[in-house]
Amino acid sequence: MPFALSGAPAKPAPESWGSGFVDYPTMVQPILDKHCVRCHGDEDIAAGLDLSGGWTWAFNISYETLLKHNLVGFLRCNNADVKSSEILPPRTLGSGAALLADRLVSGHRGRIPNLARPERDLLMVWMDGNSNYYGTWDYTPHATCDAPMAAKGPLLKAMQSAGCVKCHDPAHVGNDWLNLQKPERSRLLRAPLAKSAGGLAWCRDRKAARGLPLVEQRLLPPDVFNPPNWPKRDESGDPVATFASTDDRNYQAMLAIIRQTRAEALSHPRVDMPGAEIVPGVCRKQAPMPLPDPLPTLHAALTDDHAVELSWPRAASTIGLQFELHRSGSADFAPSPDTQIALTTSFRFTDVLAPAGPQRYALVVTSGERRSPPVRTTLTMPTAPPPPAPSGLAATPKPGEVVLRWEPSPKPSLRYHVYRAKDGSEAWTKLTDEPLRTTAYSDANLSAGERFAYAVRSLDRRGQESPPTPPVVAAALPDIEQAVFVAAFSENVHAKLGDGALAKGTPHGPAKIADKTLDLRQGGYVTFDHLPEFDLRTRLSVECWVYFDEAGQMPVLLSCGRWRGTGWFLQRFGNGWRWHVGGVDCDGRSRSEDAPAAGGKPAVGRWIHLVCTFDGQHARVFQDGVQVALKDCKPDRAPWPGPLFVAQYGPAPSDPYQVKGRLAAIRIYQRAVTAEEALAAFKAGRP
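The sequence shown begins at 53 in my numbering and counts up one residue at a time.
Hints listed in this document are in silico derivations from the structure and should not be mistaken for laboratory results.
Using N, Cα and C, we set each Cβ at its ideal position, and we do this for glycine too.
Keep in mind that the hints are not guaranteed to be accurate.
[What the hints assert, rightly or not] Computed list of lysine-lysine pairs in DSS-like fashion (alpha-carbon distance at most 30 Å, straight line):
1. K209 with K712
2. K259 with K284
3. K548 with K450
4. K337 with K259
5. K86 with K234
6. K564 with K548
7. K548 with K568
8. K209 with K234
9. K735 with K568
10. K259 with K548
11. K209 with K556
12. K683 with K482
13. K218 with K548
14. K482 with K450
15. K247 with K218
16. K548 with K735
17. K712 with K548
18. K683 with K712
19. K63 with K450
20. K209 with K259
21. K556 with K218
[Stated by the list, open to error] Here are the computed distance ranges between Cβ atoms for each label pair:
22. P559 with R616: 51 to 59 Å
23. P559 with G476: 52 to 60 Å
24. R258 with N130: 35 to 43 Å
25. P708 with P280: 29 to 37 Å
Input sequences plus hints: build the corresponding full structure.
Below, the structure written as structure tokens:
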């Protein structure tokens with residue numbers, strides 16, 4: 053101690069990689085792309101380890117791969133894992149317990165000769181910080197990427213057509229099966245593709261073991277105290293090349309689904325995805341920070357869609373400061389309110405409105421009342437051409453609607469407007485109030501047989517529109533009168549679809565069939581894998597009979613959605629019912645058997661008939677043939693990707709949502725059941 057006090061205080065210096073927080077998507081993934089992906093995810097997936105950056109539900113492929121194979125010394129820190137509160141021996145977690153660290157230090161047998169010391173140090177410090185994915189408080193409205201979950205149903209049908217389910221569990225989708233960053237690199241396509249066609253040729257003629265599933269809300273990754281127990285790679289069995297070439301019909305069908313899934317994902321981007329409109333996090337400070345010395349350098353680069361990407365270093369000395377960005381056509385201009393284009397706590401900004409010609413930019417660092425001198429850079433902006441027109445526009449007639457789809461653009465920044473005209477007319481009307489991010493549109497509430505022409509235009513970030521696509525013509529089909537999903541629960545937990553096909557139900561807990569009903573008196577619930585029949589499109593109706601043996605807290609009868617999210621659910625709520633439709637609550641009081649006009653809590657000890665409808669503009673609830681709730685609504689009609697839950701709330705099954713009683717005769721219609729039909733169904737009695 054005396055020796056330590058004998059000299060001047062040591063001033064901490066930045067590490068070789070820099071300073072500040074470590075963010076996996078923007079700092080770690082680029083190193084993996086540079087040094088690792090060529091063997092692990094590009095032409096090959098050596099040792100079955102995919103380190104590419106395609107987005108998963110919660111993270112990305114490489115992050116889930118590293119954690120699930122226990123390669124980085126990760127320690128789970130959720131509330132149920134108490135190990136995070138203990139004092140642990142050295143090298144229990146982080147780089148000291150990581151196989152990846154051994155590979156980095158040893159040079160991986162000469163396979164990473166160009167890995168620089170700052171890059172290696174950054175990977176080590178990321179592991180020592182417990183391998184976090186996000187390193188900032190930046191966010192967008194979308195915390196997760198739900199598109200891969202919604203793709204499970206369409207992909208399952210394509211896998212069935214290709215014969216994949218003969219060996220693979222149809223309920224399982226691995227974390228690296230879909231590569232939404234580069235769809236052609238998806239393992240789902242490459243594993244069954246012949247090597248001569250550029251595939252991996254991994255498939256064997258035998259039952260396949262379940263591999264690494266996606267991290268979901270209820271499925272945590274392993275860690276150093278909960279090691280993985282995944283099956284070892286098994287290359288036994290005769291090789292099977294399901295796809296001899298990429299021209300195979302089933303290959304192309306799967307690729308189209310994955311491309312559409314990518315477009316859907318980019319239409320609701322997380323903070324780590326292209327096109328995200330990021331809300332920067334803000335640091336709380338007890339006192340203003342000093343201005344950095346030296347000041348950060350301002351960089352300007354032209355993007356492929358003719359915007360200017362401005363960036364400056366993120367470091368411990370700059371985190372928590374605010375930055376003004378200014379633009380002018382004049383050299384050595386004085387920054388002022390008239391030249392300011394942004395004020396941000398982030399470390400990058402995209403200028404999408406820069407005019408053509410030389411553009412001068414200035415960065416002013418601020419802390420409280422203090423302002424730095426401007427840091428300048430210059431870039432010459434070329435004239436931005438209009439965006440290309442979309443390709444592959446197709447119209448699919450459906451009951452009461454026409455569904456349009458077109459090919460996703462390789463530029464995720466493009467948006468789209470949809471136009472319609474009566475067949476044979478040149479009077480086009482724009483249908484979209486706001487430009488679409490997704491490459492699909494439903495023209496709903498149409499009369500059957502009326503023909504319309506449709507065209508789509510691209511819109512870039514400058515507001516420039518493309519020429520229109522060649523028009524396509526279609527007319528809506530008549531409504532399907534019969535139910536498209538019927539779960540009678542008279543003999544088993546399965547359901548029949550409108551075309552006669554069987555939809556298998558899965559019972560959970562003590563749920564069982566008794567007396568031609570779904571008996572839930574001891575608890576439990578039933579789930580059905582997601583089907584298009586469940587989607588909230590132009591119109592939807594749900595019908596059921598329920599018998600409460602116990603009132604419960606707020607039981608959910610049927611659930612295929614999330615509150616304040618997409619999809620729908622029916623719940624006993626307070627003194628009545630909640631019919632939640634695409635983010636909109638349609639609430640109404642229960643109709644009391646003794647005093648129907650007065651209302652009251654839903655009765656216990658008798659059968660109740662419920663019909664919930666959405667007609668495109670209004671949501672309604674009918675109890676025992678009488679309307680008890682009405683709500684004008686414009687719901688979010690994006691599909692809910694999860695399964696249908698019977699007698700529980702799908703996003704978070706728990707005791708408060710449990711139905712204690714019986715359910716019977718569940719029907720789903722893709723139309724709005726009328727008040728007269730609801731009354732007639734009640735009078736007819738329980739089937």
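Verification of the hints:
no.: 1; hint: K209 with K712; result: violated, 35 Å
no.: 2; hint: K259 with K284; result: holds, 14 Å
no.: 3; hint: K548 with K450; result: holds, 20 Å
no.: 4; hint: K337 with K259; result: violated, 58 Å
no.: 5; hint: K86 with K234; result: holds, 16 Å
no.: 6; hint: K564 with K548; result: holds, 18 Å
no.: 7; hint: K548 with K568; result: holds, 16 Å
no.: 8; hint: K209 with K234; result: holds, 22 Å
no.: 9; hint: K735 with K568; result: holds, 19 Å
no.: 10; hint: K259 with K548; result: holds, 28 Å
no.: 11; hint: K209 with K556; result: holds, 15 Å
no.: 12; hint: K683 with K482; result: holds, 27 Å
no.: 13; hint: K218 with K548; result: holds, 23 Å
no.: 14; hint: K482 with K450; result: holds, 21 Å
no.: 15; hint: K247 with K218; result: holds, 22 Å
no.: 16; hint: K548 with K735; result: holds, 24 Å
no.: 17; hint: K712 with K548; result: holds, 25 Å
no.: 18; hint: K683 with K712; result: holds, 28 Å
no.: 19; hint: K63 with K450; result: violated, 70 Å
no.: 20; hint: K209 with K259; result: holds, 19 Å
no.: 21; hint: K556 with K218; result: holds, 18 Å
no.: 22; hint: P559 with R616: 51 to 59 Å; result: violated, 29 Å
no.: 23; hint: P559 with G476: 52 to 60 Å; result: holds, 55 Å
no.: 24; hint: R258 with N130: 35 to 43 Å; result: holds, 37 Å
no.: 25; hint: P708 with P280: 29 to 37 Å; result: holds, 33 Å
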